[in-house]
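> Numbering of the sequence shown is given in the working numbering, commencing with residue 1 and proceeding in unit increments.
FYI, nobody ran anything at the bench for these hints, they're computed from the structure. Treat each hint with caution, since some may be false.
Claimed, not checked - What follows is a list of derived Cβ distance ranges for each label pair:
| # | residue 1 | residue 2 | range |
| --- | --- | --- | --- |
| 1 | Lys-298 | Thr-468 | 49 to 55 Å |
| 2 | Leu-302 | Glu-211 | 28 to 34 Å |
| 3 | Gly-390 | Pro-117 | 36 to 42 Å |
| 4 | Thr-506 | Ile-53 | 37 to 43 Å |
| 5 | Gln-193 | Ala-310 | 43 to 49 Å |
| 6 | Glu-176 | Pro-443 | 43 to 49 Å |
| 7 | Lys-545 | Pro-117 | 20 to 26 Å |
| 8 | Ile-53 | Asp-323 | 25 to 31 Å |
| 9 | Asp-323 | Glu-176 | 28 to 34 Å |
| 10 | His-557 | Gln-193 | 56 to 62 Å |
| 11 | Gln-374 | His-466 | 32 to 38 Å |
Only a predicted model underlies this, so the values are computations on that prediction, with no experimental measurement involved. Heads up, the beta-carbon is just placed ideally off N, CA and C, and yes, glycines get one too.
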Amino acid sequence: MDNRANLTEYVHTIVQTFLQAGVQDVVISPGSRSTPLAYAFSQTQAFNTYMQIDERSAGFFALGLAKAKQNPVLLLCTSGTAAANYFPSIVEANYARIPLIVLTADRPHELREVGAPQAINQVQLYGNHVKWSVDFPLADGYKETIPFVERHTGRAVTFAKAAPMGPIHINIPFREPLLLDFEYEVQPSTYQQSITGSIVASQSSIKLVEEMMVNTKRGFIIVGELSGDFSKQDFWAFAKSLQWPIIADALSQLRTEVPEECRHLLIDQYDALLKSGNFKKAINPDLVLRFGAQPVSKPLSLFLKEYRPAVYIVIDEDPLFRDSLGVVTHHIQSIPQVFWNDVNQVQTNETLNIWTQANSVATEHIERYIDDQQDEGAFAGKLFNLLADGSDLISGSSMPIRDVDTFFNQTTKDIAIYANRGTNGIDGVVSTALGIQQARKRPTTLLIGDISFLHDSNGLLVTRFHDTDLTIVVMNNDGGGIFSYLPQSKEETYFEKLFGTPTGLTFDSIATMYQAEYFAVDSMEAFEDALTTLKHKDLRIIEVKTNRQENVIAHRHLWSDITEELDQLWSN
Numbered sequence: 001m002d003n004r005a006n007l008t009e010y011v012h013t014i015v016q017t018f019l020q021a022g023v024q025d026v027v028i029s030p031g032s033r034s035t036p037l038a039y040a041f042s043q044t045q046a047f048n049t050y051m052q053i054d055e056r057s058a059g060f061f062a063l064g065l066a067k068a069k070q071n072p073v074l075l076l077c078t079s080g081t082a083a084a085n086y087f088p089s090i091v092e093a094n095y096a097r098i099p100l101i102v103l104t105a106d107r108p109h110e111l112r113e114v115g116a117p118q119a120i121n122q123v124q125l126y127g128n129h130v131k132w133s134v135d136f137p138l139a140d141g142y143k144e145t146i147p148f149v150e151r152h153t154g155r156a157v158t159f160a161k162a163a164p165m166g167p168i169h170i171n172i173p174f175r176e177p178l179l180l181d182f183e184y185e186v187q188p189s190t191y192q193q194s195i196t197g198s199i200v201a202s203q204s205s206i207k208l209v210e211e212m213m214v215n216t217k218r219g220f221i222i223v224g225e226l227s228g229d230f231s232k233q234d235f236w237a238f239a240k241s242l243q244w245p246i247i248a249d250a251l252s253q254l255r256t257e258v259p260e261e262c263r264h265l266l267i268d269q270y271d272a273l274l275k276s277g278n279f280k281k282a283i284n285p286d287l288v289l290r291f292g293a294q295p296v297s298k299p300l301s302l303f304l305k306e307y308r309p310a311v312y313i314v315i316d317e318d319p320l321f322r323d324s325l326g327v328v329t330h331h332i333q334s335i336p337q338v339f340w341n342d343v344n345q346v347q348t349n350e351t352l353n354i355w356t357q358a359n360s361v362a363t364e365h366i367e368r369y370i371d372d373q374q375d376e377g378a379f380a381g382k383l384f385n386l387l388a389d390g391s392d393l394i395s396g397s398s399m400p401i402r403d404v405d406t407f408f409n410q411t412t413k414d415i416a417i418y419a420n421r422g423t424n425g426i427d428g429v430v431s432t433a434l435g436i437q438q439a440r441k442r443p444t445t446l447l448i449g450d451i452s453f454l455h456d457s458n459g460l461l462v463t464r465f466h467d468t469d470l471t472i473v474v475m476n477n478d479g480g481g482i483f484s485y486l487p488q489s490k491e492e493t494y495f496e497k498l499f500g501t502p503t504g505l506t507f508d509s510i511a512t513m514y515q516a517e518y519f520a521v522d523s524m525e526a527f528e529d530a531l532t533t534l535k536h537k538d539l540r541i542i543e544v545k546t547n548r549q550e551n552v553i554a555h556r557h558l559w560s561d562i563t564e565e566l567d568q569l570w571s572n
């Protein structure tokens with residue numbers, strides 16, 4: 001075959017192998033060296049093909065797709081710094097266990113490290129932030145090349161999906177000319193299928209946990225963000241039989257669609273409760289069982305470090321289990337759902353009533369606060385109350401996710417909640433939200449701060465190429481609001497310059513640029529009107545003007561009021 005025929009067979013072999021392995025989505029950033037693959041993906045109508053000019057935003061858009069679908073998503077870019085711009089999203093995917101497969105087009109070997117334009121060292125570019133990396137051969141027509149790329153492409157999909165899921169990097173060199181034969185008759189890949197197993201807890205480990213639990217009177221369950229799909233119905237059947245308090249992080253997806261008969265078990269105000277010294281003494285646990293990642297809450301982390309339960313069991317599919325607090329006593333490698341489906345244990349819990357009573361107290365304070373106040377927390381709480389059944393919420397990092405943790409009360413509504421908490425960065429949040437919305441096709445609301453929104457305003461470029469249904473609520477406190485809660489805020493001489501970083505910017509011009517419906521609000525009445533106004537455009541930006549100092553004071557008054565009442569209830 002000639003060069004064009006070799007290249008055409010080569011790229012279509014890669015594309016067909018991805019397709020047969022169950023990959024459905026590819027995000028492409030335009031560039032010359034990636035032309036052959038871009039053509040092949042576009043020619044294959046079975047793929048959902050998305051365009052995003054900015055590679056950093058493209059990476060997070062793909063991450064949002066993969067986070068929502070829990071299935072590998074492909075990222076394709078040209079050579080050079082384009083590939084480097086994927087790095088932040090790859091780091092997040094690694095720590096958040098998201099299956100991305102990054103395809104970086106490269107110069108041929110003779111143009112590497114010789115000063116050729118748009119050529120950098122791309123081999124193992126992402127280091128240990130990917131699960132696996134491979135440098136493909138050229139489309140050289142050698143008879144063993146096609147079987148090699150078929151099977152390594154299949155391996156990439158399997159590796160990305162294997163627990164714990166994560167990103168994969170395939171570096172693919174192309175020699176010019178880069179054009180394909182569009183009359184080529186595409187053949188199915190000879191590599192058929194890879195079937196992955198499930199990591200299941202051994203019966204001996206389940207028996208060990210049951211034996212420890214039967215002797216426990218003061219235990220509770222923690223559920224953080226979980227990887228992979230799971231059945232809420234199965235979890236609540238487990239919780240109902242156990243009758244232990246359930247601390248559910250907002251990202252666990254367990255604060256929504258809560259069965260009525262289990263609502264007393266769900267503790268959603270633990271962040272506020274664990275600021276009370278007397279309450280902490282009253283519920284001092286002898287056993288804690290955690291599924292998923294460590295929750296967002298800092299008071300929960302401080303409580304666990306201070307009280308160090310005698311038994312702290314983590315169920316995690318990765319042998320490198322997550323234990324940033326250094327308190328885990330037992331790790332069981334298992335998919336969480338497999339584990340809770342097999343545990344059979346019922347007994348009384350001495351602290352359930354304490355947890356339930358305290359949670360009711362805190363909930364009353366939270367609800368009054370949302371009705372009476374005009375700060376970011378109250379605005380966030382009002383937003384959560386008005387979210388429609390069958391919609392999704394995306395949270396930014398820093399203050400938005402903490403307001404979700406505090407003000408998103410349990411509900412029977414069908415609302416999914418997402419955030420980037422692998423590395424807790426503020427970058428790429430807009431793009432992640434757009435990717436999640438594109439994957440789930442549901443009305444979606446993004447709650448984000450002004451600095452984080454500015455950080456990824458380029459993410460809105462994707463709305464020029466694809467339809468969306470996204471409402472962005474920007475809490476504009478003119479700077480980095482989270483820093484006002486930290487000790488460095490007391491150093492007034494340098495604080496505003498180094499941490500507050502006020503920009504003085506508003507977002508009406510960005511809304512105009514992207515033809516978004518725009519609302520500027522500074523009162524709760526105006527905020528409710530904006531949220532309930534009939535939508536005229538598929539992209540909406542609601543800018544809420546708030547004050548950082550007032551937010552801090554209002555939040556601390558709320559926590560103080562809850563702590564005072566809890567301390568009085570358990571003064572003995």
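> For the hint 43 to 49 Å, verify it against the beta carbon of Glu-176 and that of Pro-443.
46 Å Cβ-Cβ, so the 43 to 49 Å window holds.
> Given the hint of 28 to 34 Å, is the C-beta distance from Leu-302 to Glu-211 inside that range or not?
holds, 30 Å
> Are Thr-506 and Ile-53 spaced within 37 to 43 Å by their CB atoms?
violated, 25 Å
> Please check whether Ile-53 and Asp-323 have a Cβ separation lying inside 25 to 31 Å.
Violated: the Cβ-Cβ distance is about 40 Å, outside 25 to 31 Å.
> Regarding Gln-193 and Ala-310, is the given constraint of 43 to 49 Å on their beta-carbon distance met?
holds, 46 Å
> Quick check on a hinted range of 36 to 42 Å for Gly-390 and Pro-117, using CB atoms only.
50 Å Cβ-Cβ, so the 36 to 42 Å window is violated.
> Does the Cβ distance between Asp-323 and Glu-176 fall inside 28 to 34 Å?
violated, 50 Å
> Using the Cβ atoms, figure out if Gln-374 sits within 32 to 38 Å of His-466.
holds, 36 Å
> Could you see if the CB distance from His-557 to Gln-193 stays within 56 to 62 Å?
Given range 56 to 62 Å: holds, Cβ gap about 59 Å.
> Does the hinted range 20 to 26 Å hold for Lys-545 and Pro-117 at CB?
Taking Cβ atoms as reference, Lys-545 and Pro-117 lie about 47 Å apart, which means the hint is violated.
> Lys-298 and Thr-468, beta-carbon distance inside 49 to 55 Å?
Violated, at about 34 Å.
Checked against the numbered hints listed earlier, the structure breaks hints 1, 3, 4, 7, 8, 9; every other hint is satisfied.
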